Amino acid sequence: MKKILALVLALAMVFALAACGGTAAPKASEAPAATEAPAEESPAAEEAPAAEEAAPAEEAAPAEEAAPAEEAAPAEEAAPAEEAAPAEEAAPAEEAPAAEEAAAEEPAAEEAPAAEEVAAEAGASSIAVCLASEPDTLDPALNSAVDGATLVSHLFSGLAKWAQDDTGALVIVPDAATELVEGVQNEDGTVTYTYTLRDGMKWSDGKDVTAADFAFAWQRAASVELGADYGYMFEVIDGYDDVWADEPAEDAQLNVKAIDDKTLEVTLANAVSYWNELLAFPTYFPVREDVVADEGWATDPSTYVCNGAYTMTGWNHNSLITLEKNANYVDADKILMDKIEFYLSDDANNQLSNFKNGTWQLIDDVPTNEIAALKADYPDEFKVEGQIGTYYVCWNVNEDILPEGSELEGAEAEAAKAEIRNAISLIFDRNYIVDEIAQGGQVPASSFVAMGMTNPDGTQFYQTAGSSEDFDGYYNVSADALEDNFTQAIEVLKKYYDYDETTGQFSGFPTLTYLYNTSEGHKAIGEYLQSALAGIGITMNLENQEWATFLNTRKNGDYSIARNGWLADYNDPICFLDMWTTASGNNDVQFGKGAHKDVAAYSLDLTDLGLDVKVENGTWAETYDVLIKAIKGCTDNEVRYELMHRAEDLLMSTGCICPLYFYTDLFMLSKDVDGFFSNPLGYKYFMYCTVA
Amino acid sequence: MSSKTLKYILKRILLAIVTVWVVITVTFFVMHAVPGGPFMGEKAISAAAQAALEAKYGLDKPLLQQYFTYLKDIVTRFDFGPSLKQRGRMVIDIIADGMKTSARLGVVAACLAAVIGIPLGAVAALRRNKLIDKIIMVVTTAFVSMPSFIMGSLLLVVFAIRLAWLPANGSTAEGLILPIITLALYPMAYITRLTRSSMLDVLGQDYIRTAKAKGVSGVKIIFGHALKNSLIPVITYFGPMLAYIVTGSLVVEQIFAVPGIGRAFVSSITNRDYPMVMGTTIVLAVLIVVMNLVSDILYKVVDPRINLE
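Going down the list, the protein sequences come from chains A and B.
Residues 535 to 1226 (our numbering) are what the first sequence spells out, left to right.
Residues 3 to 311 (our numbering) are what the second sequence spells out, left to right.
Don't read these hints as lab results, they were simulated from the structure.
As the structure is a computational prediction, the values presented were derived from the model and not from experiment.
Yeah, the Cβ is synthetic: ideal placement off N, Cα and C, and Gly gets one too.
No farther apart than 30 Å at their CA atoms in a straight line, the calculated lysine-lysine pairs in the DSS-like style are these:
#: 1; chain 1: A; residue 1: K1089; chain 2: B; residue 2: K63
#: 2; chain 1: A; residue 1: K1127; chain 2: B; residue 2: K63
#: 3; chain 1: A; residue 1: K1029; chain 2: A; residue 2: K1127
#: 4; chain 1: B; residue 1: K45; chain 2: A; residue 2: K1131
#: 5; chain 1: B; residue 1: K45; chain 2: A; residue 2: K1163
#: 6; chain 1: B; residue 1: K45; chain 2: A; residue 2: K1127
#: 7; chain 1: B; residue 1: K45; chain 2: A; residue 2: K917
#: 8; chain 1: B; residue 1: K102; chain 2: A; residue 2: K873
#: 9; chain 1: B; residue 1: K45; chain 2: A; residue 2: K1166
#: 10; chain 1: B; residue 1: K58; chain 2: A; residue 2: K1089
#: 11; chain 1: B; residue 1: K45; chain 2: A; residue 2: K1057
#: 12; chain 1: A; residue 1: K1089; chain 2: B; residue 2: K45
#: 13; chain 1: A; residue 1: K1089; chain 2: A; residue 2: K1166
#: 14; chain 1: B; residue 1: K58; chain 2: A; residue 2: K791
Simulated DEER-style distance windows between Cβ atoms:
#: 15; chain 1: B; residue 1: E176; chain 2: A; residue 2: K873; range: 14 to 24 Å
#: 16; chain 1: B; residue 1: T174; chain 2: A; residue 2: S1187; range: 49 to 59 Å
#: 17; chain 1: B; residue 1: L295; chain 2: A; residue 2: D824; range: 44 to 54 Å
#: 18; chain 1: A; residue 1: A779; chain 2: B; residue 2: L295; range: 51 to 61 Å
#: 19; chain 1: A; residue 1: E946; chain 2: B; residue 2: K58; range: 43 to 53 Å
#: 20; chain 1: A; residue 1: T1224; chain 2: B; residue 2: T174; range: 23 to 33 Å
#: 21; chain 1: A; residue 1: K1163; chain 2: B; residue 2: E176; range: 54 to 64 Å
Construct all of the structure, not just a fragment, from the sequences and the given hints.
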């Protein structure tokens, strides 16, 4: 009945609206709802241009996910209409609640069971959430997305898992393994770990989980044939280099084997501090050989066999994935949430609509232009959590930015360019970007390795980066330092370009082009950077490209300066540092490529750390690449961290990386939900949730 | 059916096949000319993995060879291949999933548009220049000029958020009510206007006057003669319109999170999921071509005077 009424009213509303000739002239007698909406819409619409400057919500999500979201352009335009919502209480058309109240007051006997049913439904513990659109894959080995990782973490049980301790702090605890054992150092420097699987571990189809399943899953995930995005997560394991050799031997495989059904032995090339964290990473989850033989196994609930807290009971593609508690899970009695519905939508406005009307209890994306309003209207539900990632600007190292006619060459020219780039990094007001543009609780960044990465003693890596005693990282990004930074930058730039003291403008700086992927958020930041540079006479044009085209252009180095971002895969600074080696596929700056290949401008001395490496005026390959190799082969954790600090020092000295802010993870969580937690990689955990 | 009509239909079918072939060819080469690839992400995979994947999906072969293989697979086996992005799923399954929802949405919306639009248009014509005619014209003008994202958002705010009567997502049957209304309003208004003007035209014809003079009842004149003949332009419009709304409206699907083909199509382009782009393009092209053909043939059924040659 209600549906029919809704339909009729919907039509009545649009008719009434149209009868007013499309204007918002109120005709209260006809349809109050119709007049209310446009009346509130107009101020919202006026706000829209300003609000557009608001934050890039997708910044909070991994950059890869940002791509589909950006396609939502048409829907984004819909935002003003939705903004009509805030003062909803004032709506005269409150017929629904009123009617419900009337029904509730009625002492009719039939009403009682209905109410109980509702209560029972609430008690049956289910939660509806929306993280993103259809995941590309739910095969743990192939997944590389954060939303996919959340799903897979509910469906599979690896040797270790993320959990909260009694104080609420995040810890890595054993899951399928009885304990997270210490490794045994071998004579050749490799380290062997031997894990015992817990008793009673079963797959969702009832078969036993064996050590061989783990060994198989790891070999498969690291294989060339699978070509998984996260295949490199196994590079710490002995044998990985053989698998990925140019001409691999036929029997090349990872050094991992099942000793018996319960015992798994794995040998690492050398000790790594983040090994336990890797064990909790989805790529390390087990799969069964006979299950994955069907290539489409992970796309349908009927073929989806898993070993975790939940099983997949429904997948309505592009719409809804339903998980229900797995009775075969060894810790099933500890799982509080019976059913989780993952709705699939990448439209932030749509997600918000469903959150506002109470359909979904968590949404992982919010419309960029609504952030300020949401913070005010939903103070208890708008959540900002730390996320290990950095939003930055990268220069193409081969871009010539010296003034025309400069006679500097080779290493001297490179040193000058580095000085200029670093000076420009000082011009930008990161607090303005964070507070006025991004608005999502981001933290101004003064280093490339993100906040959240820790040193072995638990202190923040970024706080011990750089050499200054007065501030963290490589620049002082406090609001008070802005003026000093600016003065310092001007002094440096004066050495290279003509400066007009009266106008405060430089001349002779080549025109730059800032490349970003199409999105209002990135554009707003680009416009700020543009205006900051225009203030000192540097012209920077803005150019946006569609996501895949943008990635291609940036990877090929066909740009002068570009927007960039990086999110950590695990808590170890190396994942921010090894991407800048010459051969890395993520070396967007083009270090060691093109003309930069022969530039011998870098020095490296590691003798004080007991390593036989001393290079003066070396190329990028002779210094940075060597340094990263040394880090990867280092077994002394303290030395290793010192080496990583030095790698970042060298990287930042080039000025090619200009960090702007450290990412945060923004989401909305209903205040009725208890027991929720998320980890610094952005994975969200619902198994211990209860809904009031 | 005369041999002339048959010949005409055959000619049209041949032309349709050529049209679809041109669409396939142009899409194939343009798509491959766009920078970026299906295995490219923010975090790059190694060159060896990239090469292995390209070899697996045949993307390492020369473009022309890929083109002919693709054509052969479609023609001989109706095989659109696997999706490069949603690993493990076949393109045909993804399209079928999306089309199921989009078609349900589109057909209901189109029927709603016709069922409401035609009588409204007829009423407006018969009551020309009266108040009801004016109201109908103002309303339909508004609907024709209001973009679907405004209409959709408006319905969403009122019925899904404020009143919370209907869900704001299209994952359930209930959730399809608002998108259907949003999709139906524009064609409904258009059909109303089309029926009205065509009906006015017919009502001025000699044969109507003759019928009136012969004392045929008003009802019979309207339903027996006027309405039938005034539907020809509506039929012309209805075919492509049906194809258009059945193939999915990206905007409406985005606003209401409807798992339709429109969203799948757009994301496949962003993802450079080549087989998926090709598959959806072909299906959409075929649908539009077929709908046009059907509406052409329907002319003949409605009005035997029309010569299809």
